[in-house]
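Engineer: Line by line, the protein sequences give chains C and X.
Heads up: the first sequence begins at 1 in the numbering used here, then just goes up one per residue.
Heads up: the second sequence begins at 433 in the numbering used here, then just goes up one per residue.
Keep in mind that the hints were calculated from the coordinates and are not lab data.
Certain hints may be false.
[To be verified] The calculated lysine to aspartate or glutamate pairs, modelled on EDC-like cross-linking and capped at a C-alpha distance of 20 Å, are: (1) C:K16 <-> X:E628; (2) X:K601 <-> C:E214; (3) C:K2 <-> X:E537; (4) C:K67 <-> C:E119; (5) X:K530 <-> C:D3; (6) C:K277 <-> C:E178; (7) C:K2 <-> C:E73; (8) X:K513 <-> X:E444; (9) C:K114 <-> C:E230; (10) C:K273 <-> C:E171; (11) C:K101 <-> C:D12; (12) C:K227 <-> C:D31; (13) X:K601 <-> C:E73; (14) C:K277 <-> C:E211; (15) C:K2 <-> X:E575; (16) X:K601 <-> C:E171; (17) C:K101 <-> C:D117; (18) C:K114 <-> C:E73; (19) C:K67 <-> C:E107; (20) C:K21 <-> C:E214; (21) C:K227 <-> C:E211; (22) C:K128 <-> C:E171; (23) X:K601 <-> C:E211; (24) X:K601 <-> X:E515; (25) X:K499 <-> X:D527; (26) X:K524 <-> C:E171; (27) C:K101 <-> C:D218.
A quick note: this is a predicted structure, and the numbers were derived from the prediction, not measured.
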Amino acid sequence: MKDTPMSNCERDFILKAIEEKKRLDGRQTYDYRKIKITFGTDYGCCFVDLGQTRVMAQVSCELVVPKENRPNEGIMFFNLELSPMASPAFEQGRQSELSVKLNRQLERCLRNSKCIDTESLCVVSGEKVWQIRVDVHTLNNDGNLMDAASVAAIGALCHFRRPDVSIQGEEVTVYSPEERDPIPLSIYHMPISVSFAFFQQGTFLLVDPCEREERVMDGLLMIAMNKHREICSIQSSGGIMLLKEQVMRCSKIASVKVSEITELINKALLNDKTARKAGGRCGFAESMPQERITALKTDQTAVEMTDVSETASSIVQTAVAPPQTVPSPSVPVPGVGQVGEGLRNTWGLEEEEEEEEEESCGGDSVEEVTKMDVELHQEDKSRTVDVVEILDSDEEEEEVVILYPEATKKPKNTGSSSGQKGAGASRKQKKK
Amino acid sequence: EDSSVSTERVGEILLPGDEFCCGPKDTLPLTDSGKSERLVAGPGLRRSGDRLLVSRSGVLRHKEPNKFWIESQQRRYVPAKGETVIGIVTVKSGDVFKVDIGGSEVASLSYLAFEGATKRNRPNIQVGDLLLAQLVVANKDMEPELVCIDGSGRANGMGVFGTGGLLIKVSLGLVRRLLAPRSDLRADLEQLFPCELAVGMNGRVWVRAGAVQQTLVLANLLQSCDAMTAPQRQQLFRRLQQGAF
Numbered sequence: 001m002k003d004t005p006m007s008n009c010e011r012d013f014i015l016k017a018i019e020e021k022k023r024l025d026g027r028q029t030y031d032y033r034k035i036k037i038t039f040g041t042d043y044g045c046c047f048v049d050l051g052q053t054r055v056m057a058q059v060s061c062e063l064v065v066p067k068e069n070r071p072n073e074g075i076m077f078f079n080l081e082l083s084p085m086a087s088p089a090f091e092q093g094r095q096s097e098l099s100v101k102l103n104r105q106l107e108r109c110l111r112n113s114k115c116i117d118t119e120s121l122c123v124v125s126g127e128k129v130w131q132i133r134v135d136v137h138t139l140n141n142d143g144n145l146m147d148a149a150s151v152a153a154i155g156a157l158c159h160f161r162r163p164d165v166s167i168q169g170e171e172v173t174v175y176s177p178e179e180r181d182p183i184p185l186s187i188y189h190m191p192i193s194v195s196f197a198f199f200q201q202g203t204f205l206l207v208d209p210c211e212r213e214e215r216v217m218d219g220l221l222m223i224a225m226n227k228h229r230e231i232c233s234i235q236s237s238g239g240i241m242l243l244k245e246q247v248m249r250c251s252k253i254a255s256v257k258v259s260e261i262t263e264l265i266n267k268a269l270l271n272d273k274t275a276r277k278a279g280g281r282c283g284f285a286e287s288m289p290q291e292r293i294t295a296l297k298t299d300q301t302a303v304e305m306t307d308v309s310e311t312a313s314s315i316v317q318t319a320v321a322p323p324q325t326v327p328s329p330s331v332p333v334p335g336v337g338q339v340g341e342g343l344r345n346t347w348g349l350e351e352e353e354e355e356e357e358e359e360s361c362g363g364d365s366v367e368e369v370t371k372m373d374v375e376l377h378q379e380d381k382s383r384t385v386d387v388v389e390i391l392d393s394d395e396e397e398e399e400v401v402i403l404y405p406e407a408t409k410k411p412k413n414t415g416s417s418s419g420q421k422g423a424g425a426s427r428k429q430k431k432k
Numbered sequence: 433e434d435s436s437v438s439t440e441r442v443g444e445i446l447l448p449g450d451e452f453c454c455g456p457k458d459t460l461p462l463t464d465s466g467k468s469e470r471l472v473a474g475p476g477l478r479r480s481g482d483r484l485l486v487s488r489s490g491v492l493r494h495k496e497p498n499k500f501w502i503e504s505q506q507r508r509y510v511p512a513k514g515e516t517v518i519g520i521v522t523v524k525s526g527d528v529f530k531v532d533i534g535g536s537e538v539a540s541l542s543y544l545a546f547e548g549a550t551k552r553n554r555p556n557i558q559v560g561d562l563l564l565a566q567l568v569v570a571n572k573d574m575e576p577e578l579v580c581i582d583g584s585g586r587a588n589g590m591g592v593f594g595t596g597g598l599l600i601k602v603s604l605g606l607v608r609r610l611l612a613p614r615s616d617l618r619a620d621l622e623q624l625f626p627c628e629l630a631v632g633m634n635g636r637v638w639v640r641a642g643a644v645q646q647t648l649v650l651a652n653l654l655q656s657c658d659a660m661t662a663p664q665r666q667q668l669f670r671r672l673q674q675g676a677f
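Just chain X, same shape as in the assembly (with noise of 0.2 Å):
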């Protein structure tokens, strides 16, 4: 019932400082685990005594049963366990690497935590390198800290990478509507010419195409895409391709 009230709101824009209000009750009984009816504060919301607050502007997303988040224009990136972003390496210092994940501080990566990697054989990392990697340690009171394998041992794409493609900065925004599973932005994007794209979570993204001018139009219409509406888009990228091809 309270979520039925709540969902009235989802897809209006919110204001920091607004009240997430559900229903006839002001309140919303987060403590009271015994209730089915729990909710799910994703990112943006934040929890104050007995009330919801918005704490960033955007559009409010809900999905079944009791998730509700803020969906921002935001570009700060704030770092958070498991995700994977793209970092630079900045410092190498015995057996750990520092990298730029572009939050508050820099990440540490443990040289063993590459697929393959002994004490005898490090992998082979220069300075100023770019990193696919997963944050297994985010919180706010420690040093972030990354790895480029997975549970089981494997790169699984992870690692370093990144010869003659362009990095650009993106809102966060726009990169979950890169990553998002049927994304129309990435459909678009195929439909133009074939690239590669490697996506941080961070608000990173790694474009490379088959020329320098493609990949200077890719990432062009990256950047330009995070203020533009679906028929916006569409439009610039057609004219792209009667203009292009």
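Isolated chain C (complex conformation) (with noise of 0.2 Å):
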């Protein structure tokens, strides 16, 4: 089947879009998507969700005899499907030049930089050894296959044991996991791709673009990097022009990309690991039931509010500098310094009235503060469109009624409600 035409209106306003520095769905230049990374039931199954692309790499090991010129090394075996369930336009069976474009830069990307110590695979040298190979699936495709597969795959090939195995004489031993713990795979750095997309001859530049936008790209720059600065690979393709600066903003880009993707990984298997070692149930099985259909489950929509942000910071500005009196903490029993506990709260009457435009303005902000400090790191980053200078203005204000029990208590401040909260603050300060 073939894959939904493009109209000329939709190439036209996205490109309109990105001049305007507009992205289709809110995000910044530089910001990628929001990435959720989750690991199956079994050891070596690596789910990654990058926006509404969605990759799953699955790892497998087997003993093999070893290639005759390097017999006491390992063999990596890498495999990318582009399943027909990804897109339409992917076909079964046939290798595409998509697919062999991604396969082999995946390739490139984690086996060329011999991120994976393959002498410790060696079991018997010349006779045998583990082949590990990595299968990965593209479930959903929204664009940027290449980075989501690249994290799942390093992902999984962190997350996989190998059984344990014993010589004895000619006697190789393997061990089930009820036997011996399985052991990791010995990992040297962790190569991530981040991929670049160019606009109008390479005039603008955007970073992991979604289907639409890689739709209407000239060209395509992916940098395999590892969070050492080391570069992996690097590949640019659309046959533009690029200049040694734009290379060079590129990989400085991808090097914190890439320090962010990893910390994410780190901390998904340290979750992993410690929902393992609490015996609970955990992975992908386990994170499916919670996904009811009947829940109205939404994405936040990501509304950019520069105006907003705009007019929060410019009264901020304007506002009238509160006289600097710093009450001074009462101290009920001598040698006990006390803030705030036990006080007369001087300025409940305003605080109700805060808390009531708090509600009314965006009941659901608390929640998803909230659920961004649960969520992963990454989430942050790529919802700092509409928080990253209303928490300036958040300071600024705590800065002046630090002393206050509220000033601690308030719940952080996000989105439209920012403008009337600055002004409030301000008139208490007035008040006193």
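Dock the two chains into a complex; use the hints.
Structural biologist: Here you go:
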């Protein structure tokens, strides 16, 4: 089946939006979509969600005869499958150009970078070595399959445990997980691919292009890098001319993104490890039943509110600086320093008003914040669109009212309510 | 009597395989045309022998006197005669255009089926253009066919459109909600800011507002409205109104 064609109007609109530094999903130029990493119930199974893009990697192992020229090295095998489930444009069983390109890039990213110690996979030199096979399946395609695939593959490799073996004379024994704990692979570093899309012959650059952006882009640059800022592979496609400065800039951006993603993978691995240690049921199978079909589950729309943050910051800037009177903390018992506790609340009324405002403007904004805290680090990053500047203004407030107990209890401020809140805070101070 | 019993389940969620039974008699008098109690089964309901089965998950809806259908969040479009859809021109071949309407097959559109078009005076259409057109032939055995004129040869809003806007895909349920005569969703949208909408029954919506930013906001809103309840939506709209304006 053919893919849905792209209309001229979409193409024009996307290009025009990119010129105005806007993206379809409200992201900024250098933002990644939300990344979610889930591990399966078995070792070596990793799901990665990158926005709507979804891939799964499964690692398996097998004892095989090594290659003749490398008798004491294990064998790595990578395979990326573009299944029709991911997109109607993908056909089963046919090697498309895209599939070859992605497979090649994945191999260059993970095998040629020698991120895995293949010598430790040797069992009997020249006779038996472990072959590690990584199968990456695409489950949904919303652009940037490569980055998702590389994260999934390295995540799965880090998560994988191979069975323990022992050699007695000629005899090789493979132990089941019950007999002996399986052994993790030794991984030197984690190469992660970061994609850059170029538009209008390289004038505009976007990180992590979505499917529609991929369709209108002129060129693509994929940089695989590890957190030590070592470039493992770099590939430019689409036939555009890139300047040296552009490549340098991309590699700088990539190094930032890679360190973030590496941290995220490590965090996810740690979470999984603690969950397994606790003996609780964990992994993919466990995460699924929670996603009830009937629940009206929807992602927050990324509505850009640049105007709001501008007004918010302008209010904060123009507001008259409150007098720097610092109320002395009361000391109920000599030798005990106490702030707030047991004091009469001097500005309770205003606080109530504020709460009301907060509720009416964004009931779920508080929820969103808590969710963000729980969710993995990357989420914060991608949501910064409407949070970043407002946090600034919040801090500014807190500097002033730092000695009040409410200042610490106060829920973090987000979205549209910030304008009123900033004004409210300065009002409070003036009254004093 | 029968319909009064079956209306009991109106508004409930039914799942594929559920039997849509009507009262004490387990069967429906579908074949018996002599009776006044005939029942019209709309989308999502399928007749199987003497029984009426649900073939789609969703909420059962009823319209007086005897129409029943399932309102679902389906996204797959199955062409139906008489519906107005948004298509993308994929091929210009001879005297027909091939138009993608999101169905299983591309539809064909004659170049004569435009207002004022003659053999000499062909419409100026490029590959990739957007069209609002009506289906005149739509059945499972034949290629769907489109026209851009109504019965009296007038364009009636149909034809090529779409410069500067954005095309998005939403669920068919949302499209129906947008097109409903007294749509509260549309009323909410109207309060936000001036905008243009073109809605096709195939789940495609074209939006255009004053600025790129506004168009994007509108597109995101529509896409997220799909799975929102009315209060959730109104809250979001209110938040946006307070924030942006």
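Engineer: Hint by hint, note whether the structure agrees.
Structural biologist: How the hints compare with the structure:
Proximity of C:K16 to X:E628 is assessed by CA-CA distance (about 18 Å); at most 20 Å being required, the pair is judged to hold. With a C-alpha separation of about 18 Å, the suggested pair X:K601 and C:E214 falls inside the 20 Å cut-off, and the hint holds. Only pairs whose Cα atoms come within 20 Å are accepted, and C:K2 paired with X:E537 is accepted, the gap being roughly 10 Å. A C-alpha spacing of about 13 Å is found between C:K67 and C:E119, which places the hinted pair at or below 20 Å, so the restraint holds.
Between X:K530 and C:D3 the alpha-carbon distance is near 15 Å, which keeps this suggested pair within the 20 Å criterion. Distance hint between C:K277 and C:E178 is fulfilled; the C-alpha atoms sit about 15 Å from each other, no more than 20 Å. Restraint check for C:K2 and C:E73: not satisfied, since their Cα atoms lie roughly 43 Å apart, outside the 20 Å limit. The straight-line distance between the Cα atoms of X:K513 and X:E444 is roughly 28 Å, outside the 20 Å bound, and the hint therefore fails.
Note on C:K114 and C:E230: the hinted pairing holds, with a Cα-Cα distance of about 12 Å set against a maximum of 20 Å. Among the hinted pairs, C:K273 with C:E171 is inconsistent with the structure: their alpha-carbon atoms are about 33 Å apart, more than 20 Å. The suggested pairing of C:K101 with C:D12 is violated, with an alpha-carbon distance near 27 Å, which exceeds 20 Å. In summary, the hint linking C:K227 to C:D31 is supported, as the alpha carbons are separated by about 18 Å, within the 20 Å threshold.
In summary, the hint linking X:K601 to C:E73 is not supported, as the alpha carbons are separated by about 51 Å, beyond the 20 Å threshold. The straight-line distance between the Cα atoms of C:K277 and C:E211 is roughly 39 Å, outside the 20 Å bound, and the hint therefore fails. With a CA separation close to 16 Å, the supplied pair C:K2 and X:E575 stays within the 20 Å bound. Proposed proximity of X:K601 and C:E171 is contradicted: the alpha carbons are some 62 Å apart, above 20 Å.
Distance restraint check for C:K101 and C:D117: the Cα-Cα separation of roughly 25 Å exceeds the 20 Å cut-off, and the hinted pair is therefore not satisfied. A hinted pair counts as satisfied when its Cα atoms are at most 20 Å apart, and C:K114 with C:E73 qualifies at roughly 12 Å. For a cut-off of 20 Å, the pair hint linking C:K67 to C:E107 stands: about 18 Å separates their Cα positions. The suggested pairing of C:K21 with C:E214 holds, with an alpha-carbon distance near 16 Å, which does not exceed 20 Å.
This hinted pair does not check out: C:K227 and C:E211 have alpha carbons roughly 27 Å apart, beyond 20 Å. At roughly 11 Å between alpha-carbon atoms, C:K128 and C:E171 fall within 20 Å of each other, so this suggested pair holds. Distance hint between X:K601 and C:E211 is fulfilled; the C-alpha atoms sit about 14 Å from each other, no more than 20 Å. About 17 Å separates the Cα atoms of X:K601 and X:E515, which keeps this hinted pair within 20 Å; it holds.
Under the criterion of a C-alpha separation no larger than 20 Å, the hint pairing X:K499 with X:D527 is inconsistent with the structure, at around 40 Å. For a cut-off of 20 Å, the pair hint linking X:K524 to C:E171 is broken: about 70 Å separates their Cα positions. Taken as a hint, the C:K101 and C:D218 pair is honoured in the structure, with Cα atoms around 17 Å apart against an allowance of 20 Å.
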